[in-house]
Amino acid sequence: MHDPQKTNSLAFLWMGALVIMPFVYDSGLIDPVTLSRTLLSVITLGLGTGWVAIKSDRRSALLQSIRSTPIVWLYGAFILIGIITSRGSINSAEATASLLKDSLFLGLFILMLSSIRPGTVRWIALSISTAGAIFMGYGMVELWEIGSFHDLDAYQIRSTLGHKNLFSSAALIALISAVYAAVEGGKIEKIISVIIAFLSLFFIWILQTRTVWLALTITLIALVGLVTLRKPLSRLLARIKTVHAALAALIILLGVSLFFTSADKEVLPSLSSYEENQSQGNYTIRERALLWNFSKDMIEDHPIEGVGPGHWKLHFPEYGSGIWRARQGLVQFQRPHNDFIWVLSENGVFGFIAYGLILLISLFVAAKGALSSESSSEVKKLYLFGFGLLLSYFLVANFSFPRERIFHQWILHLALAIIWMPKKAHTLKRSHFTWPTLLIMLGIFGFSAFVFTQRYRGELYSLRMTKNRVLSEWAQMRINAERAGEIPFYNLDPVSMPVEFYHGLALLNTGEIPTAIKAFESASQIHPNNIHVVNNLGASHQMLGEHDKAIEYYIQAKSIAPYYIDGTLNLASAYFNGGEVGRAYTVLRENEGLFVNDKSQFDLYMKVVLETQYQNTWESLNPNTEPTTIPTPTYEQLLDVHKKAVRKSEDIIDALIEFIISE
Numbered sequence: 001m002h003d004p005q006k007t008n009s010l011a012f013l014w015m016g017a018l019v020i021m022p023f024v025y026d027s028g029l030i031d032p033v034t035l036s037r038t039l040l041s042v043i044t045l046g047l048g049t050g051w052v053a054i055k056s057d058r059r060s061a062l063l064q065s066i067r068s069t070p071i072v073w074l075y076g077a078f079i080l081i082g083i084i085t086s087r088g089s090i091n092s093a094e095a096t097a098s099l100l101k102d103s104l105f106l107g108l109f110i111l112m113l114s115s116i117r118p119g120t121v122r123w124i125a126l127s128i129s130t131a132g133a134i135f136m137g138y139g140m141v142e143l144w145e146i147g148s149f150h151d152l153d154a155y156q157i158r159s160t161l162g163h164k165n166l167f168s169s170a171a172l173i174a175l176i177s178a179v180y181a182a183v184e185g186g187k188i189e190k191i192i193s194v195i196i197a198f199l200s201l202f203f204i205w206i207l208q209t210r211t212v213w214l215a216l217t218i219t220l221i222a223l224v225g226l227v228t229l230r231k232p233l234s235r236l237l238a239r240i241k242t243v244h245a246a247l248a249a250l251i252i253l254l255g256v257s258l259f260f261t262s263a264d265k266e267v268l269p270s271l272s273s274y275e276e277n278q279s280q281g282n283y284t285i286r287e288r289a290l291l292w293n294f295s296k297d298m299i300e301d302h303p304i305e306g307v308g309p310g311h312w313k314l315h316f317p318e319y320g321s322g323i324w325r326a327r328q329g330l331v332q333f334q335r336p337h338n339d340f341i342w343v344l345s346e347n348g349v350f351g352f353i354a355y356g357l358i359l360l361i362s363l364f365v366a367a368k369g370a371l372s373s374e375s376s377s378e379v380k381k382l383y384l385f386g387f388g389l390l391l392s393y394f395l396v397a398n399f400s401f402p403r404e405r406i407f408h409q410w411i412l413h414l415a416l417a418i419i420w421m422p423k424k425a426h427t428l429k430r431s432h433f434t435w436p437t438l439l440i441m442l443g444i445f446g447f448s449a450f451v452f453t454q455r456y457r458g459e460l461y462s463l464r465m466t467k468n469r470v471l472s473e474w475a476q477m478r479i480n481a482e483r484a485g486e487i488p489f490y491n492l493d494p495v496s497m498p499v500e501f502y503h504g505l506a507l508l509n510t511g512e513i514p515t516a517i518k519a520f521e522s523a524s525q526i527h528p529n530n531i532h533v534v535n536n537l538g539a540s541h542q543m544l545g546e547h548d549k550a551i552e553y554y555i556q557a558k559s560i561a562p563y564y565i566d567g568t569l570n571l572a573s574a575y576f577n578g579g580e581v582g583r584a585y586t587v588l589r590e591n592e593g594l595f596v597n598d599k600s601q602f603d604l605y606m607k608v609v610l611e612t613q614y615q616n617t618w619e620s621l622n623p624n625t626e627p628t629t630i631p632t633p634t635y636e637q638l639l640d641v642h643k644k645a646v647r648k649s650e651d652i653i654d655a656l657i658e659f660i661i662s663e
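Counted from 1, the sequence shown has number 295 at position 295 by our numbering; the numbering is strictly sequential.
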């Protein structure tokens, strides 16, 4: 018989990984957090699977956990749906990495499920709150470096989580865990936990993240309700089957997700600049509403199959490049700031159903367990703890991206393991399927170790290339790009720039234009909606005098990013250099509104175009006139002609003829 109160050695592995995680931060990467902590998770999976393989009682517990837990099968279905939807993906490396990350956490979840027992949870809670305290320690250092609360910009406080909203949600997780550890722990644990709880509240207040305030409020109300309204709620839930409740909640979740995507696109023009908005918070809300809205367009185009795992960021420029921070290519959005919209976009409706059911069924099971008269007081507290962690995660996931962050994924899967773990002793049985199961998990570990190690190497080169670009070290950039290009399962950096783009840029700047074009074409296959790639393809053909080909790429860049200033000027330039002065003028005229904040570039291009158009018009009216005798009006005069033509919706040629005759 297995003792449910005994803490086995495998559980200490999870505790150790949690406490280590805040220190895992590699400044040698563009994203110092995600990939390094993914590798920590890979190592943990390998150690855990190896330990289970040599312990017979652990092998039996592992298989029983898989057999007795329905969401394990739902999780497997979710990954299978992802594999199906990844067929024909633009970028197989990104799809593989996304699917492998889900498989990695499924393996970790199964190991957690087979090793965590009621007597272990207080230590797990203390480990989570300790990890939160370490994160907050880094936050304290950041506060100390700022030195003043006056006009404090909360976005400066990120700890080692990379984003202040995720730091704030980690503080919420630490708060919930600290409360449980204080209730269940000994005297020293209570003191430590109370300190961590107050520290968590302090950072939640400092960071002023509305999502976390909302999650804290709703989670607190739900937990109080489960405790104070136990009898009526237990009678109500006793009449409802778990699957029926989860399906109903899933329909509501789908409706809420689609409601989030129904923001009015009319707010788009108002996001013309950050300064025009009353506050950064207001700007963020409006921008996020647009992310959801344009994601809805993506979902409507790919409702069943989705765009494929890891592919939201590759397709989004087709839909949302008009959002202010994306207009000039300064920002390439990586996720929609709503995990459910994210899953629906990438995995389609069936993937969304599987993912949603995993969370909703688990929430319902936790609520029923906390209300059940058959549960002991200790088990009810376990269910309440798991419910609190999962509900807070669920709420934050509606407005942020914890699905991307490794610490939050650990908390999610620990919460699921706490909710679904066996609460009673069970008899261990032998099975013929134990070793095949372990071999599959070892296979996931081995493949994950290879893929994510290669991606880690690739990110090291990506950071070097970004530094080379800033310093104009083109020869070194070429070397780094060629080395990065040889790495399997890595072709896109964390800000969605293809490795081959850097290669092409290095070649372009050293005069090897035909070879640069080939590199940019390879980059376009990796990310066809990257405006920098398409724009540089146009520039390369322009440098070779291939104006028609350049125009083709510049038009493509404009279709991807209609507000892209460089693309507008380049298109006008390509038309002008190809002898199509009228089309060059039309491009500038139709896009003049893009230059409201800075007219210098517009005036530079428009001056050349109007002067040439004026000269051509004069020569057509006076064919025998020597060029040296043609009058030279000032740019201000020509600009007045242009403004008059715009005002009267008149062709510029007619306006210039009228001007020439009047002169």
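The hints are simulated quantities; they were obtained by calculation from the structure and are not laboratory data. Please note that a few of the clues may not be correct.
Claimed, not checked - Across the chosen pairs, the derived CB separations fall in these ranges:
#, residue 1, residue 2, range
1, Phe23, Val194, 55 to 65 Å
2, Glu552, Leu220, 51 to 61 Å
3, Asp153, Asn616, 51 to 61 Å
4, Glu552, Gly16, 31 to 41 Å
5, Ala449, Val141, 28 to 38 Å
6, Lys643, Gly511, 35 to 45 Å
What the hints assert, rightly or not - 27 Å max Cα-Cα, derived DSS-like pairs, lysine-lysine:
#, residue 1, residue 2
7, Lys381, Lys549
8, Lys648, Lys607
9, Lys607, Lys644
10, Lys644, Lys599
11, Lys380, Lys368
12, Lys231, Lys187
13, Lys187, Lys368
14, Lys381, Lys368
From the three backbone atoms N, C-alpha and C, an ideal C-beta is built for every residue, glycine too.
ask   = Are Lys607 and Lys644 close enough, with their CA atoms no more than 27 Å apart?
value = OK: Lys607 and Lys644 at ~16 Å, within 27 Å.
query = Is Lys380 within 27 Å of Lys368, Cα to Cα?
reply = holds (9 Å)
ask   = Glu552 and Gly16, beta-carbon distance inside 31 to 41 Å?
value = Violated, at about 56 Å.
query = Given a hinted range of 28 to 38 Å, is it respected by the beta-carbon distance of Ala449 and Val141?
reply = holds (33 Å)
request  = Could you say whether the range 51 to 61 Å given as a hint is met by the Cβ separation of Asp153 and Asn616?
outcome  = holds (53 Å)
query = Between Lys648 and Lys607, is the straight-line Cα distance small enough, at 27 Å or below?
reply = Holds, at about 20 Å.
query = Do the beta carbons of Glu552 and Leu220 sit within 51 to 61 Å of each other?
reply = holds (58 Å)
key: Range hint compliance [Cβ, Lys643 to Gly511, 35 to 45 Å]   = holds (41 Å)
inquiry  = Check the hint pairing Lys381 with Lys368 against an upper bound of 27 Å on the C-alpha distance.
reply    = holds (12 Å)
request  = Look at the Cβ atoms of Phe23 and Val194 and judge whether their distance stays inside 55 to 65 Å.
outcome  = violated (24 Å)
query = Is the Cα-Cα distance between Lys644 and Lys599 27 Å or less?
reply = holds (18 Å)
task = Would you check the hint for Lys187 and Lys368, treating anything up to 27 Å between C-alpha atoms as holding?
result = violated (31 Å)
Checked against the numbered hints listed earlier, the structure breaks hints 1, 4, 7, 12 and 13; every other hint is satisfied.
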